[in-house]
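2 protein chains.
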Amino acid sequence: MLIYGKEVREATKEKVKRIAQNKPLSLAVVQVGDEAASGAYINGMKNFGQDIGIPVTVFNYPATISEAELIREIKKLNQSPQITGIMIQKPLPAHMRDDVVVNSLDYRKDVEGIHNFNLGKIINREAGVRPSTPKAVISMLKAHNVPLEGARVTILGRSSILGSPLALMLMAENATVTVCHTRTRNLIDEIRRADIVVAAMGQMNFVTADMVREDTVIIDAGINFDENGKMFGDVHAEAKQKAKMASAVPGGIGVITVAELFDNLTLLGE
Amino acid sequence: MLIYGKEVREATKEKVKRIAQNKPLSLAVVQVGDEAASGAYINGMKNFGQDIGIPVTVFNYPATISEAELIREIKKLNQSPQITGIMIQKPLPAHMRDDVVVNSLDYRKDVEGIHNFNLGKIINREAGVRPSTPKAVISMLKAHNVPLEGARVTILGRSSILGSPLALMLMAENATVTVCHTRTRNLIDEIRRADIVVAAMGQMNFVTADMVREDTVIIDAGINFDENGKMFGDVHAEAKQKAKMASAVPGGIGVITVAELFDNLTLLGE
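Quick note, the sequences are listed as chains A and B, same order.
Under the working numbering, the first residue of the first sequence carries the number 1, and numbering increases by one thereafter.
Under the working numbering, the first residue of the second sequence carries the number 1, and numbering increases by one thereafter.
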């Protein structure tokens, strides 16, 4: 059975909208250069903000701006009382270090939950913002009443924005979590023994029907494009059909992440 | 075969000693109250420092000091150019919040690697200090030439100072890591399938011989005391005898952690 993200997105949207009525929220998007793909993503954010009465302001800088100059601009936004959250659109130009730029944010305005200080809170199990994709994965599972306590979860991919924080967040939900990656031996065993598989390795249709059980729950967080520009996840359609439940691509995790980012906006400021 | 920590400790000690000859290092230990157990630990640190020419200064405050006052004192140490690293001895009195006190440290002086900003670096795979017990576990494994790449590791315990950061650190070493805890179902299966088991749940002799294979490598990071004050790990002696290799308690991981803390001291300052 395919599951979709739209209802989760709408529920979160309503929740954020209600909070925004009593709390002044305002999002700044830092964009360097003007890549088309990031423009589309930013438009999605602007529309989302408009729907719920939260101003989204794009600060666009030329692709030639130096790292030091960009950081000076970010520090101005850190200090602006009108702005309560800041997102830094990736990818940044190759002459910049992502970690240095991200950590120049005031962590209290880090709406993506990717500043080192906020990531550390995940290990320490402190409340706060969380990276939006792992947040979307957990919202999707909970919205579909998938039990997490004691569940055996296999995560495919160990990235700093998805696999690694998600592992910690699912542990905090009392799941038993295994993280797999390119060096994992017997990967198929690790997938087959899972109650829940989260695919996030960025390989089109990698997980096939023979790897999953009929009672497996699949979250497909992959975003891949074929030569015609059609979007595919990391899990093959036949595997999804066989499984008990599987998130669609497109229309699954991807449509929830923007809502989770705005949910983070409501949590910032401490 | 039992393995011990002494050689690892001595090797790290020599390494730190060499670095200290060219880099001014100085450790401050913040002690609140005067519990006997923490006094013994602090004496161990002082002796270690003395052996390698690194001054260790204890700043002792009465158990009645308020959280706000303690934080003011820590901020003075943050600013002191004579001090390059600060350790906050735990447990703190019950009227203090550990996380607030720890995060009042300048993260550049956080010799324990437990400030949120430094923990976040583990998720982001940035170089830097790491909590000393998981560091000791990895040093022990490497010193005994246990292959980590592709190894299936089961960690028992998900604490913020050991299980959780260790999971991320072993993933970075290309191990396939599963973290188990009180809510894990089929815990025995998870232990039996591991190439390496790290026991860190704080239950005396919990892991028994029937749970391990003859080719299992066991790291016992448990510290428990029986009614006579004798120290025991989390793994039963018979399990250790059966396994390919198992770290002793006492004399295993515990004797390495102080050395790892001093190793962190050499990494601070950026």
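No lab work stands behind these hints, which were simulated from the structure alone.
Since the structure is predicted, the reported quantities are computational estimates derived from the model, not experimental observations.
In this text, a Cβ means the ideal position worked out from N, Cα and C, and glycines have one as well.
Fair warning: there could be bad hints in the mix.
Partner residues aside, some chain B positions facing chain A, computed with beta carbon under 8 Å [said to hold, decoys possible]:
1) 125
2) 146
3) 149
Listed next, the in silico DSBU-like pairs over lysine-lysine satisfying Cα-Cα at most 35 Å (straight line) [as the list claims (entries may be wrong)]:
4) 76(B) to 75(A)
5) 230(A) to 244(A)
6) 75(B) to 75(A)
7) 90(B) to 23(B)
8) 17(B) to 90(B)
9) 76(A) to 76(B)
10) 142(A) to 76(A)
11) 230(B) to 75(B)
12) 17(A) to 46(A)
13) 76(B) to 90(B)
14) 75(B) to 23(A)
15) 142(A) to 23(A)
16) 76(A) to 75(B)
17) 46(A) to 90(A)
18) 244(A) to 75(A)
19) 75(A) to 23(B)
Taking beta-carbon pairs under 10 Å as the criterion, some of the chain B residues facing chain A (in silico) [claimed, not checked]:
20) 101
21) 102
22) 117
23) 123
24) 182
Hint check results:
no.: 1; hint: 125; result: holds, 6 Å
no.: 2; hint: 146; result: violated, 15 Å
no.: 3; hint: 149; result: holds, 6 Å
no.: 4; hint: 76(B) to 75(A); result: holds, 26 Å
no.: 5; hint: 230(A) to 244(A); result: holds, 25 Å
no.: 6; hint: 75(B) to 75(A); result: holds, 23 Å
no.: 7; hint: 90(B) to 23(B); result: holds, 28 Å
no.: 8; hint: 17(B) to 90(B); result: holds, 26 Å
no.: 9; hint: 76(A) to 76(B); result: holds, 28 Å
no.: 10; hint: 142(A) to 76(A); result: violated, 38 Å
no.: 11; hint: 230(B) to 75(B); result: violated, 39 Å
no.: 12; hint: 17(A) to 46(A); result: holds, 14 Å
no.: 13; hint: 76(B) to 90(B); result: holds, 20 Å
no.: 14; hint: 75(B) to 23(A); result: holds, 33 Å
no.: 15; hint: 142(A) to 23(A); result: holds, 27 Å
no.: 16; hint: 76(A) to 75(B); result: holds, 26 Å
no.: 17; hint: 46(A) to 90(A); result: holds, 16 Å
no.: 18; hint: 244(A) to 75(A); result: violated, 48 Å
no.: 19; hint: 75(A) to 23(B); result: holds, 33 Å
no.: 20; hint: 101; result: violated, 13 Å
no.: 21; hint: 102; result: holds, 9 Å
no.: 22; hint: 117; result: holds, 5 Å
no.: 23; hint: 123; result: holds, 4 Å
no.: 24; hint: 182; result: holds, 8 Å
In the structure shown, a violation is registered for the earlier hints numbered 2, 10, 11, 18 and 20, in ascending order.
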